[in-house]
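**Q** Take the sequences, apply the hints, and build the full model.
So the sequences go chain by chain: A and B.
For reference, each letter of the first sequence is one residue, going 108 to 414 in the working numbering.
For reference, each letter of the second sequence is one residue, going 108 to 414 in the working numbering.
The set of hints was computed from the structure by calculation and includes no laboratory data.
Honestly, I wouldn't trust all of these hints.
In this list, chains with the same sequence are indistinguishable; a pair is considered to hold if it fits within one copy or across any two.
Listed below are the simulated DSBU-like cross-link pairs for lysine-lysine, each with C-alpha atoms no more than 35 angstroms apart in a straight line [as the list claims (entries may be wrong)]: (1) K245 <-> K127; (2) K127 <-> K295; (3) K393 <-> K299; (4) K299 <-> K382; (5) K185 <-> K299; (6) K366 <-> K299; (7) K393 <-> K130; (8) K182 <-> K216; (9) K130 <-> K295; (10) K382 <-> K366; (11) K366 <-> K182; (12) K295 <-> K366; (13) K127 <-> K148; (14) K235 <-> K299; (15) K393 <-> K366; (16) K366 <-> K356; (17) K273 <-> K216; (18) K299 <-> K127; (19) K393 <-> K295; (20) K235 <-> K366; (21) K192 <-> K295; (22) K192 <-> K299; (23) K299 <-> K389; (24) K389 <-> K295.
Since the structure is predicted, the reported quantities are computational estimates derived from the model, not experimental observations.
Listed below, chain by chain, are the residues.
Number of protein chains: 2
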Amino acid sequence: MSLITVGTMAFDAIETPFGKVDKIVGGSATYVAYAASQFIKPVQQISIIGYDFPEAEITHLQSLGVQTEGVEIVKDKKSFFWSGKYHLDMNSRDTLITDLNVLEDFDPKVPDSYQGTEFLMLGNLMPKIQLSVIDQLKTNPKLIVVDTMNFWMDIALDDLKLVLKKADVLLVNDAEARQLSGEVSLVKAARKIMEMGPAYLIIKKGEHGALLFHQNQVFFAPALPLEEVFDPTGAGDTFAGGFIGYLAKTKDISFSNMKTAIIVGSAMASFCVEKFGPERLKEITKEQIDERISQFVQLVNFDIDLV
Amino acid sequence: MSLITVGTMAFDAIETPFGKVDKIVGGSATYVAYAASQFIKPVQQISIIGYDFPEAEITHLQSLGVQTEGVEIVKDKKSFFWSGKYHLDMNSRDTLITDLNVLEDFDPKVPDSYQGTEFLMLGNLMPKIQLSVIDQLKTNPKLIVVDTMNFWMDIALDDLKLVLKKADVLLVNDAEARQLSGEVSLVKAARKIMEMGPAYLIIKKGEHGALLFHQNQVFFAPALPLEEVFDPTGAGDTFAGGFIGYLAKTKDISFSNMKTAIIVGSAMASFCVEKFGPERLKEITKEQIDERISQFVQLVNFDIDLV
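**A** Right, dumping it as structure tokens:
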């Protein structure tokens, strides 16, 4: 079993109320790879980087079972760069700089060695790029998970709708679910979005947890209340990586197993925010992950005899 | 076993994106009484009303096991009146009118017949009034649950701190928990607030659910994702009424049973928002409550073998 993940590998500059980094490795595919490789190997990476992306980072990812044949290196351009500043509540942020650099030329080619892969994670990218990857696959994946954002709903809605027709699971936040559906009620929004294609919809609500919708069922996963949220950057991608990594490991895409996968993703995301960038993800152990998942079990566990 | 509830009985004018009522019965003690009386009788009401409060409402409450000896009727004044308008997201609202009327004179007297009661629900009121009720009780209640709001933190913090010293459970929302503690992290906020007195802290997050803190433990109860949120007015008081009503019924104030009580409170609140004012609470049956609680069980239930 293997997993293709498509997304950015980049540099971020991040300022939070607790500190500041001028340049740290980031990008959606980086976070997905660190999270997913805890559960499944190989993780087959598709991305684009410039001459400045650290070789040590690539080597480190490879040592975790991440294949990088699909990572294009552009010799005369810089890597994608994003800079943002978080507000005091850590729930909102301002983007200060977006330098596309290599991302302007991103036209991913799926390597032959990646063909036959059953799980596909499409990070938040221009819908045309997401479509191009799906179209290059010679066999249909067992599960396609798609992340997107309001920006693409604004400027590329028709393409996004084509992606949604092929998606099995869509990941959006609550504001995006409302925008995409035109419904305020998340229950109604979910119904409309599932009619657009994906059989499963995950609505991420940051520190308020996540909802999984499927047909008439709904599951709620809380976020773990944390002592310190140091840097939320990448938490959503880490969640996605843990989610699809766990599904690929267990080879079970039932609603029941997706509920578990969401808890796993939430646990991984709870580590991500504890340090700047993907630093915390690099050091966690299987035992720490199990311990964190146990905390989620405790967090929502209650007994009831009906009243 | 019985329960004293202290709070307002009032008229509300409410505008939501889904409709408008010019005058409907409301008030914290009204909602608490409707919710708690599903679980425990008698509910011993302490409040103040004017000449205009409908006698039929009082009679209806009495038929549900609500005692009204502690409800003072002022013959020459109007009942408390609140008017508000909800924003499209239903999470925020503007207060348009607050006519205190009888509330200006509220100096509650605990009737002799209420003495010996083991559960006390102090609705959101001036802390001095909350203190006065506690001081009038000849035997210490088994459990004192206190609701309050940012307004009292602004203008009567010293009195509020005296109340907190005597409270067992404090109910606040997330912004209020942050204001009261001066901490952004809810985990840190909870620790500081529990040092002020209450052994248990419930942080209400509206459509995002509620957190229960006790010592180093934390429990998360989701809100049920609803098709329609018609009118959120009174949802917090209904939650409180279900919570303390269930505790009084089961006579068990352990952390474990409080978790269950929070689910019960959340279920009751999920009914409250389905119609204007307390209308929906007046018509629900035991079977519907059990059915709704089952939905909460489904909502958070997942299986996991550690990964």
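**Q** For each hint, tell me whether it holds in the structure or not.
**A** Hints, one by one, checked against the model:
1. Taking the closest pair of Cα atoms, K245 and K127 never come within 35 angstroms of each other, the shortest separation being 44 angstroms inside a single copy and 57 angstroms across copies.
2. Within a single copy, K127 and K295 get their C-alpha atoms only as close as 40 angstroms, which misses the 35 angstroms cut-off; across copies the closest is 22 angstroms, which meets it.
3. In this assembly of identical chains, K393 and K299 lie within 35 angstroms of each other by CA distance solely across copies; the values are 33 angstroms between and 38 angstroms within a copy.
4. Within a single copy, K299 and K382 get their C-alpha atoms only as close as 37 angstroms, which misses the 35 angstroms cut-off; across copies the closest is 24 angstroms, which meets it.
5. Taking identical chains as interchangeable, the C-alpha atoms of K185 and K299 are never at most 35 angstroms apart, the minima being 40 angstroms within one chain and 47 angstroms between chains.
6. For a Cα distance limit of 35 angstroms, the shortest separation of K366 from K299 qualifies both inside one copy, at 21 angstroms, and across copies, at 34 angstroms.
7. Taking the shortest alpha-carbon separations for K393 and K130, only the intra-copy value of 28 angstroms comes in at or below 35 angstroms, while the best inter-copy value is 59 angstroms.
8. In this assembly of identical chains, the alpha carbons of K182 and K216 lie at most 35 angstroms apart only when taken from the same copy (17 angstroms versus 82 angstroms across copies).
9. Taking identical chains as interchangeable, the C-alpha atoms of K130 and K295 lie at most 35 angstroms apart only when they sit on different chains, with a minimum of 30 angstroms there against 41 angstroms within one chain.
10. Taking CA atoms no more than 35 angstroms apart as the test, K382 paired with K366 passes in both settings, with 26 angstroms inside one copy and 31 angstroms between copies.
11. Taking the shortest Cα distances, K366 and K182 never come within 35 angstroms of each other, neither inside one copy (43 angstroms) nor across copies (58 angstroms).
12. Taking the closest pair of Cα atoms, K295 and K366 come within 35 angstroms of each other both inside a single copy (20 angstroms) and across two copies (29 angstroms).
13. Taking CA atoms no more than 35 angstroms apart as the test, K127 paired with K148 passes inside one copy only; the shortest distance there is 33 angstroms, against 57 angstroms between copies.
14. Taking the shortest Cα distances, K235 and K299 sit within 35 angstroms of each other inside one copy (22 angstroms), while across copies they are farther apart (50 angstroms).
15. With identical chains, the CA atoms of K393 and K366 are at most 35 angstroms apart both within one copy (20 angstroms) and between copies (29 angstroms).
16. In this assembly of identical chains, the alpha carbons of K366 and K356 lie at most 35 angstroms apart whether taken from the same copy (15 angstroms) or from different copies (33 angstroms).
17. Taking identical chains as interchangeable, the C-alpha atoms of K273 and K216 lie at most 35 angstroms apart only when both belong to the same chain, with a minimum of 19 angstroms there against 67 angstroms between chains.
18. In the homo-oligomer, the alpha carbons of K299 and K127 lie at most 35 angstroms apart only across protomers (27 angstroms), although the nearest pairing inside one protomer, at 40 angstroms, exceeds that limit.
19. In this assembly of identical chains, K393 and K295 lie within 35 angstroms of each other by CA distance solely across copies; the values are 27 angstroms between and 38 angstroms within a copy.
20. With identical chains, the CA atoms of K235 and K366 are at most 35 angstroms apart within one copy only, with a shortest distance of 30 angstroms there and 47 angstroms across copies.
21. When the C-alpha separation of K192 and K295 is checked against a cutoff of 35 angstroms, the pair qualifies both within a copy, at 33 angstroms, and between copies, at 23 angstroms.
22. Taking CA atoms no more than 35 angstroms apart as the test, K192 paired with K299 passes in both settings, with 34 angstroms inside one copy and 28 angstroms between copies.
23. Proximity of K299 to K389 under the C-alpha cut-off of 35 angstroms is restricted to the inter-copy arrangement: shortest distance 33 angstroms between copies versus 38 angstroms within a copy.
24. Taking identical chains as interchangeable, the C-alpha atoms of K389 and K295 lie at most 35 angstroms apart only when they sit on different chains, with a minimum of 26 angstroms there against 39 angstroms within one chain.
Hints 1, 5, 11 from the earlier list are contradicted by this structure; the remaining hints agree with it.
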